[in-house]
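So you can see what is in the structure, the chains are spelled out below.
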Amino acid sequence: MMPRLFTATGCMRCKIVKTYMAQNQIDYEELDINTNGKEAFKEFYRKNRPDIFRGIDGIEFPILFADGRIYQGVGIALAHLMAGETLDGFVFRSDLSHGWISGLNISAKPLADGRDFLSLLEFLKDNGLMIQLETDGRNPLLLETALTEKWVHRLIFNLLGPADLYTSITGFALPEDELLHSLSVLTPSIDYHIILPISLIPGKDGESRYLSPEEAARAAELVEKATGSKKHPFFIREPAGANGINIAPLQQADLFKYRTLCRRHMVLCDILKGEQL
Amino acid sequence: MTYPTVYPTGTTVYLPEKCFNGYTLFQARELGALLIDMNGGEVKLWKGFHGFPNKLLKGGHILGHTGERSTRFGMQDYRDMVQADWNGEVVWKFNEYEYIEDPGEEAQWMARVHHDYQRQGNPVGYYVPGMDAWADRGNTLILGHKNLYCKKISDKNLLDDVIYEVSFEGDIVWEWVCSDHFDAFGFREEAKNVLSRDPNMRPCGGGMGDWMHINSMSLLGPNKWYDAGDLRFHPDNIIVDGRETNLIFIISKKTGEIVWKVGPYYDYTPEKELGWIIGQHHAHMIPRGLPGEGHILVYDNGGWAGYGACHPCSLNGTKNVLRDYSRVLEFDPISLTIVWQHTPQEAGLVHPMDSNRFYSPFISSAQRLPNGNTLITEGSGGRIIEVTADHELVWEYISPYWGKNLKMNMVYRAYRYPYDYVPQVEPPRQIAIAPTDVTHFRIPGASPRGAKSEVSVQGSIPYQVSSALCVISDKDDIK
Numbered sequence: 001m002m003p004r005l006f007t008a009t010g011c012m013r014c015k016i017v018k019t020y021m022a023q024n025q026i027d028y029e030e031l032d033i034n035t036n037g038k039e040a041f042k043e044f045y046r047k048n049r050p051d052i053f054r055g056i057d058g059i060e061f062p063i064l065f066a067d068g069r070i071y072q073g074v075g076i077a078l079a080h081l082m083a084g085e086t087l088d089g090f091v092f093r094s095d096l097s098h099g100w101i102s103g104l105n106i107s108a109k110p111l112a113d114g115r116d117f118l119s120l121l122e123f124l125k126d127n128g129l130m131i132q133l134e135t136d137g138r139n140p141l142l143l144e145t146a147l148t149e150k151w152v153h154r155l156i157f158n159l160l161g162p163a164d165l166y167t168s169i170t171g172f173a174l175p176e177d178e179l180l181h182s183l184s185v186l187t188p189s190i191d192y193h194i195i196l197p198i199s200l201i202p203g204k205d206g207e208s209r210y211l212s213p214e215e216a217a218r219a220a221e222l223v224e225k226a227t228g229s230k231k232h233p234f235f236i237r238e239p240a241g242a243n244g245i246n247i248a249p250l251q252q253a254d255l256f257k258y259r260t261l262c263r264r265h266m267v268l269c270d271i272l273k274g275e276q277l
Numbered sequence: 278m279t280y281p282t283v284y285p286t287g288t289t290v291y292l293p294e295k296c297f298n299g300y301t302l303f304q305a306r307e308l309g310a311l312l313i314d315m316n317g318g319e320v321k322l323w324k325g326f327h328g329f330p331n332k333l334l335k336g337g338h339i340l341g342h343t344g345e346r347s348t349r350f351g352m353q354d355y356r357d358m359v360q361a362d363w364n365g366e367v368v369w370k371f372n373e374y375e376y377i378e379d380p381g382e383e384a385q386w387m388a389r390v391h392h393d394y395q396r397q398g399n400p401v402g403y404y405v406p407g408m409d410a411w412a413d414r415g416n417t418l419i420l421g422h423k424n425l426y427c428k429k430i431s432d433k434n435l436l437d438d439v440i441y442e443v444s445f446e447g448d449i450v451w452e453w454v455c456s457d458h459f460d461a462f463g464f465r466e467e468a469k470n471v472l473s474r475d476p477n478m479r480p481c482g483g484g485m486g487d488w489m490h491i492n493s494m495s496l497l498g499p500n501k502w503y504d505a506g507d508l509r510f511h512p513d514n515i516i517v518d519g520r521e522t523n524l525i526f527i528i529s530k531k532t533g534e535i536v537w538k539v540g541p542y543y544d545y546t547p548e549k550e551l552g553w554i555i556g557q558h559h560a561h562m563i564p565r566g567l568p569g570e571g572h573i574l575v576y577d578n579g580g581w582a583g584y585g586a587c588h589p590c591s592l593n594g595t596k597n598v599l600r601d602y603s604r605v606l607e608f609d610p611i612s613l614t615i616v617w618q619h620t621p622q623e624a625g626l627v628h629p630m631d632s633n634r635f636y637s638p639f640i641s642s643a644q645r646l647p648n649g650n651t652l653i654t655e656g657s658g659g660r661i662i663e664v665t666a667d668h669e670l671v672w673e674y675i676s677p678y679w680g681k682n683l684k685m686n687m688v689y690r691a692y693r694y695p696y697d698y699v700p701q702v703e704p705p706r707q708i709a710i711a712p713t714d715v716t717h718f719r720i721p722g723a724s725p726r727g728a729k730s731e732v733s734v735q736g737s738i739p740y741q742v743s744s745a746l747c748v749i750s751d752k753d754d755i756k
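Chains as they are written, first to last, in this note's numbering: chain A, 1 to 277; chain B, 278 to 756.
Keep in mind that the hints were calculated from the coordinates and are not lab data. Backbone N, C-alpha and C fix where the C-beta goes; we use that ideal spot for every residue, glycine too. Take the hints with a grain of salt, since some may be wrong.
[Unchecked claim] Quick partial rundown of chain B residues pointing at chain A, CB under 8 Å, derived from the structure:
1. 373
2. 449
3. 452
All chains, full assembly: derive it from the sequences and hints.
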């Protein structure tokens with residue numbers, strides 16, 4: 001069955017997907033929800049309501065329906081068209097609008113060949129979107145390329161801890177030299193923030209614990225070591241709710257210890273509040 | 278506030294038998310922390326040691342700051358919180374609140390402390406029997422600054438007030454940010470409108486809005502209200518006042534919420550019993566063990582403050598309430614009734630014609646003393662007085678120190694401490710100074726009072742009791 005592309009009249013992100021499909025001679029049926037696709041979308045929406053995201057600005061378009069799956073949003077649709085399922089996890093829903101796109105994680109998992117992801121970044125950039133990219137330090141060569149080519153407008157560096165804890169936190173190992181490599185590309189020429197989430201670390205005995213203030217400080221020390229500077233926009237993010245895990249929540253006062261120790265290496269360190277960024 | 282060109286400085290009145298005798302500590306303008314005895318004798322100067330304010334610890338230690346951030350970039354940001362001993366040696370210091378890099382200045386950590394702080398052991402920073410602040414341990418609550426954006430208030434860079442608690446080891450263990458609680462202050466729409474346009478913008482650092490301007494911060498300490506079950510008055514809770522908003526409020530130490538307040542408006546009950554408090558300083562709860570314990574004591578400056586409706590004296594709605602004299606109020610925090618006050622009237626001045634002679638439109642403070650007297654800093658004129666409960670002036674001191682940079686002898690806040698707080702020196706001699714009869718006081722070269730020739734004009738009648746001046750006074754019988 002030919003892919004169906006639900007679009008909205010005047011939608012810039014829809015136009016980007018259409019451009020890609022045209023350039024690559026991919027046949028599809030376009031259904032503009034304001035004109036020829038009005039009824040079709042109503043029916044489609046009725047059938048797939050739980051799978052269609054509706055944000056504060058309404059439903060995000062375009063929506064690509066191909067091979068029985070829904071790909072909503074320009075990033076996710078393009079990732080599918082460019083690389084099939086290869087980029088699953090690397091591209092997710094964007095929560096930015098007005099010319100910006102987020103939901104792009106260059107470190108979702110180890111990626112030997114990142115050409116597809118880099119091509120996606122380049123295409124989005126060339127078509128006028130400003131890109132907010134996330135990394136946790138993995139895939140440093142891809143990160144370096146993306147920054148060198150100036151495809152990225154804002155970088156969120158989720159520093160999960162010192163390198164030796166990455167396996168426990170993410171399930172994937174990260175050699176310290178790779179983490180240092182990724183951190184070393186942070187320069188004042190780009191807009192970036194380093195965020196240190198206080199993660200839950202599973203223990204061998206089944207008990208979980210929080211990343212400790214000392215471990216957080218070791219991570220901050222790595223940033224200083226990699227960049228030779230103590231001055232980076234560095235934020236501590238308090239842990240998200242520990243769903244189903246029997247561990248006492250951190251108190252506000254506990255966070256100050258993290259900040260105090262991290263500030264020995266990152267003098268601008270502060271505690272992230274709400275939608276501060 | 279109304280001073281002649283020539284007037285004495287130093288101690289001008291001293292009635293030892295009616296005073297709470299001790300040492301008085303204050304920051305002498307552009308000189309340092311100065312400790313004086315009741316006769317104005319300068320017992321100790323910590324030269325160049327800043328104090329916003331200075332406080333004395335039992336044993337002769339002093340709290341203060343080593344300096345202020347460049348005023349090109351910061352507004353009343355003091356670099357650090359320092360405890361020095363009698364010999365000026367630093368025995369404790371904290372500055373690691375924010376790392377500051379100002380153009381052309383040395384990058385450094387700063388406490389950004391301003392206006393107040395409290396060392397554990399004493400809730401208010403002045404002498405309370407049995408509640409001495411600790412000199413060798415304990416946490417310190419610090420009133421500080423933080424620049425941030427809070428779109429709920431304004432789109433402008435805000436100079437926000439924060440309170441943080443630091444351990445003796447230098448760890449921050451608690452923090453409260455004022456703008457987080459904007460909705461709790463009860464601003465009317467017109468005030469919100471004005472705040473969004475001009476949150477008291479100051480020019481330093483490219484402009485920043487000192488929207489609340491907290492100038493006092495102390496703990497409630499043990500009190501009868503909490504003992505009676507009113508949880509708003511938990512001893513750990515913190516009372517502050519915002520000069521720019523006319524607010525006085527209590528912060529729950531546990532939750533950070535605002536649990537009690539007066540202001541920002543005083544035109545409805547029960548606040549209207551207080552009269553409109555304007556630009557106030559040093560609002561605190563009188564600690565247990567002192568006369569008036571549990572009441573709120575505040576220096577209600579008058580002057581100009583508040584946000585609200587525009588009028589001819591406030592074209593943009595900022596600083597829209599005004600008064601040209603000061604009041605010291607002691608009021609019940611439950612009923613909001615005034616239980617004691619020292620205003621121009623109690624000071625013996627004709628109100629309102631002569632009221633501006635008791636007036637400091639900024640700074641100033643009031644300390645309740647163990648004998649029931651009140652030490653009042655009428656700050657703008659550098660005048661520190663002690664008055665009895667029935668308003669007799671029993672001590673008066675005028676600071677002789679005018680600044681070179683700022684040509685005022687202003688005193689931000691003075692504190693009185695007992696002699697035994699300073700074991701390093703013997704208590705001084707106390708020499709009474711009776712109030713001077715100024716009608717006969719002359720400086721050399723001035724002629725004495727008394728006409729060389731005196732006549733009466735036939736038909737003249739005696740002067741009247743009523744002043745019958747251009748404006749009505751409290752001496753007029755308007756009934």
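### Broken hints, by number
Going through the list in order, the structure violates no hint and respects every one.
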